[in-house]
Amino acid sequence: MIQLQSVVKQFEAKNGTVTAVDQVDIQVKKGEIHGVIGYSGAGKSTLIRCVNLLERPTSGKVIINGVDLTKASPEQLRQSRQKIGMIFQHFNLLKTATVYDNIAIPLKLLGYSKQEVEEKVKKYAEIVGLTEKLASYPNQLSGGQKQRVAIARSLSQEPEILLSDEATSALDPETTDSILDLLLEINEKLGITILLITHEMNVIQKICDYVYVLEKGKLVEHNTAIELFTKPQHPTTRKFLNTISQRSLPDSLIEQLNLTGAVIRLTFVGESTGKPLIADVASRFHVQPNILAANIVELKNGIVGNIVVHINGTAADIADITRYLTDNGVQIDVLGGTANE
Amino acid sequence: MNKDKGFLEQWGPIIWEALIETFQMTSISLIISIALGVPLGLMLVLTRSGQAFENKWVYRISNLIINIIRSIPFIILLFFILPLTKFLVGTTIGVKGVIVPLVVYTAPYIARLLETALLEVSPGVMEAYTAMGVKRRHIIWHVLLREARSSIVLGLTIATVGLIGATAMAGLVGAGGLGDLAYRYGHIRFQVDVMYAAVFILIILVQVVQSIGNRVAAKLKKD
Chain E
1 MIQLQSVVKQ FEAKNGTVTA VDQVDIQVKK GEIHGVIGYS GAGKSTLIRC VNLLERPTSG
61 KVIINGVDLT KASPEQLRQS RQKIGMIFQH FNLLKTATVY DNIAIPLKLL GYSKQEVEEK
121 VKKYAEIVGL TEKLASYPNQ LSGGQKQRVA IARSLSQEPE ILLSDEATSA LDPETTDSIL
181 DLLLEINEKL GITILLITHE MNVIQKICDY VYVLEKGKLV EHNTAIELFT KPQHPTTRKF
241 LNTISQRSLP DSLIEQLNLT GAVIRLTFVG ESTGKPLIAD VASRFHVQPN ILAANIVELK
301 NGIVGNIVVH INGTAADIAD ITRYLTDNGV QIDVLGGTAN E
Chain S
1 MNKDKGFLEQ WGPIIWEALI ETFQMTSISL IISIALGVPL GLMLVLTRSG QAFENKWVYR
61 ISNLIINIIR SIPFIILLFF ILPLTKFLVG TTIGVKGVIV PLVVYTAPYI ARLLETALLE
121 VSPGVMEAYT AMGVKRRHII WHVLLREARS SIVLGLTIAT VGLIGATAMA GLVGAGGLGD
181 LAYRYGHIRF QVDVMYAAVF ILIILVQVVQ SIGNRVAAKL KKD
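Chains as they are written, first to last, in UniProt numbering: chain E, 1 to 341; chain S, 1 to 223.
Calculated directly from the structure, the hints in this document are not laboratory data. Hints are not guaranteed to be accurate.
What the hints assert, rightly or not - Short, incomplete list of chain E residues facing chain S, as computed with Cβ under 8 Å:
1) R78
2) N92
3) L94
4) P106
5) L109
6) Q157
Claimed, not checked - Listed below are the simulated DSS-like cross-link pairs for lysine-lysine, each with C-alpha atoms no more than 30 Å apart in a straight line:
7) S:K135 with E:K61
8) S:K219 with E:K108
9) E:K30 with E:K95
10) E:K83 with E:K120
11) E:K133 with S:K135
12) S:K221 with E:K114
13) E:K114 with S:K222
14) E:K120 with S:K221
15) E:K218 with E:K239
16) E:K133 with S:K221
17) S:K135 with E:K122
18) E:K275 with E:K30
19) E:K71 with S:K135
20) S:K96 with E:K108
21) E:K122 with S:K219
22) S:K221 with E:K122
23) S:K222 with E:K122
24) S:K222 with E:K120
25) E:K300 with E:K218
Unchecked claim - Reference listing, derived: stretches of chain S covered by chain E, where coverage requires no fewer than 3 residues with Cβ under 8 Å from a Cβ of chain E:
26) 131-138
27) 142-149
28) 179-193
The C-beta atom is built at its ideal place from N, Cα and C for all residues, glycine as well.
Full structure from sequences and hints, please.
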């Protein structure tokens, strides 16, 4: 559905060429929600704007439904864009138009008949829950409501793809959740493929099937959300994971505890989250695991749990325990003073 | 001078005639200036770097020409472009003769005011419409001009007030008007009461124009 192939975007700046997006490959299948996460300045915005050619890539291909948009004529591009919705951090609504007109004007301009326009406005205002607000102006709405208008405006053109450029970054946590629920709902009910960019890990956690971590224009890691949450490889990914679940312990603490046994991180996925494994270990190996930190994260496609324990025992004991836990589907990381992120 | 007649009876028709002349000059030159200034202002915005019709040279040259014209005081412009006036309308005197300099004076001003108004429109909204596959000319009309319309009206109000001021100098080429009346009778013939009356009417006129402008702008703003 969406295919970016070795996309590069460079800007000419005063002090030389800046590469904002560097050899990025992304592939989103129909009906999936993919998320790109990165810090500000990582090139996320430039990347997502390359998908509908608001930024023309310096090189690489942008293939939407089998058509390479970088080779399309201006008219073909315009037609293709009508099937790619986009929502923005700052909503980008007409200040001088009511909610109704904000949804209706683009439809009119795209040549829908008066009756179609009216039907669509009503239908999509209802989907986003704004039927009561059709006569209001954007300034009379809250941030969340404005984003709903923007979503309705995009949906009313019945796109196959929705691009979300930091759509929840200007919203408070509760509103963010309600907007994410709405995105999830339109993904499930209308089958719209979503590609989003964000700097908030909870957005990824809540709605993404697949995650890309972008740093300095390059994809440093990409994986399904569950794999990424259980086996983060890149330091940046780990930093992002720390933002929603405390995964790191003070180095000095770990060093001290390592003198008597080992500090181990247990990562549970899926059914292993249901087993009383710590209790098992305690009775089976006659050790007393000390839980230092624990958390559980609910992802779109499953649950990932993390427990960091200190086990007082000999190296042989620890090896047996790790083997036992691994056999039970738990992923084990032994945290040395240096392995701690 | 006949002291028996009342002031209104004596001067009324002359003041009325001057008022009509001021109206004529202002409205005709305003309409032509809008017709020229609005596209010029649009061009200034759209040829800027990063805009839809980015063109460094068109922007720089039009910017320069506008600055040059705007540097010349109207009273000098009036004489400076006499040959052009003669060429365009065949005469350099009367209401007809003053329209050309008034337009040359006002159109670049309107272009500048429009430019300022249009630059206030959030580029994000236009981008959203581009992303929806809306045609460029539709974006210019339904987004750019629509979102700026309140500021545009305020800008045109300022231009109109400036234009009324400029018509006062039209008397120099025999076009009449309130300014000319105040100057000729008040200053040269020491008919101070006529000058006061003309100035008073000009004040009222500007007040009316400004409050209509403000009100329309507020109504268009909506938010």
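Please list, smallest to largest, the hint numbers that this structure does not respect.
9, 18, 20, 28
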